[in-house]
Amino acid sequence: WLAEPWKDEIMNVSPERVKELSKDYDRGEIKGEMRILSVDVQRSHFWWVVRGYDTNGDSWLIDHGMAPTFADLDEIFANYECQYGIVDTGYGDRTQEMYEQLWRRRSQWFGIKGWATMTLPYKINLVDPFTGTNRASQAKIKLIHLNVQVWQGELAARRAGKKKGWHLYQQVDPTYIKQITAKWQHESVDRKGQVKQEWRTKSHADDHYWDCEVYSLGFAKLIGFGNIPKGESGQRILGQPKPTGGGARK
24 WLAEPWKDEI MNVSPERVKE LSKDYDRGEI KGEMRILSVD VQRSHFWWVV
74 RGYDTNGDSW LIDHGMAPTF ADLDEIFANY ECQYGIVDTG YGDRTQEMYE
124 QLWRRRSQWF GIKGWATMTL PYKINLVDPF TGTNRASQAK IKLIHLNVQV
174 WQGELAARRA GKKKGWHLYQ QVDPTYIKQI TAKWQHESVD RKGQVKQEWR
224 TKSHADDHYW DCEVYSLGFA KLIGFGNIPK GESGQRILGQ PKPTGGGARK
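Under the working numbering, think of the first position of the sequence shown as 24, with each following residue one higher.
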């Protein structure tokens, strides 16, 4: 069975094609009306991406990297004048740790967990990190459940340039390109003739930046960027301050 050519082009894109999304701005330059710091959690460190968004949904890769501690993430958040931070809480050994870190920063930071099967693109639950202790019910964190099947497809369309407005800085780092092209979609047909789709990671490849970008895109849509009338700030959904304009990094 052969994939439709247009779909294969979106789901399995070359590094050279992704590099064509680069625009005339430098790494570290603050862009967009709002900045999101998205974080993929590993056993001893974090991978992170900062992306700026405009109200119409256009977005700009600002910076990315690795951080050893949450204190480092705090510094990155401040340096790039971020409005929101989102952290993967699905790394089992560190889930409770992430809950408690998010609780300390709960006005601007949110947990996020990806699911392969969901009926909705996303939903939000309130979680008490201290259930069963004498600190229970003091306050709760927001945990976003994300349908990764939906948002990986959305990111793949942007990665292929089929959906416009998803930008990279000029001369983008090769490690970012390698990781953002590490994911591809395998399609097969079972004995009953049903098409099955599965996202896979290329052999021996890391995909942390891909995960960060999936989280960032889904969250930006959740708060209204790219799917609301011009002039209305999506941040009002979560009761946070309006986005600020971009400018040169200080």
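By construction, these hints were calculated from the structure, which means they are not laboratory data.
Please note that a few of the clues may not be correct.
Unchecked claim - For lysine to aspartate or glutamate, the following EDC-like pairs were computed, each having C-alpha atoms within a straight-line distance of at most 20 Å:
#: 1; residue 1: Lys187; residue 2: Glu98
#: 2; residue 1: Lys201; residue 2: Glu56
#: 3; residue 1: Lys46; residue 2: Asp77
#: 4; residue 1: Lys42; residue 2: Glu56
#: 5; residue 1: Lys136; residue 2: Asp229
#: 6; residue 1: Lys165; residue 2: Glu123
#: 7; residue 1: Lys201; residue 2: Asp229
#: 8; residue 1: Lys146; residue 2: Glu177
#: 9; residue 1: Lys46; residue 2: Asp81
#: 10; residue 1: Lys187; residue 2: Glu120
Hint numbers the structure violates, sorted upward?
Of the numbered hints given earlier, those the structure breaks are 1, 2, 4, 10, listed in rising order.
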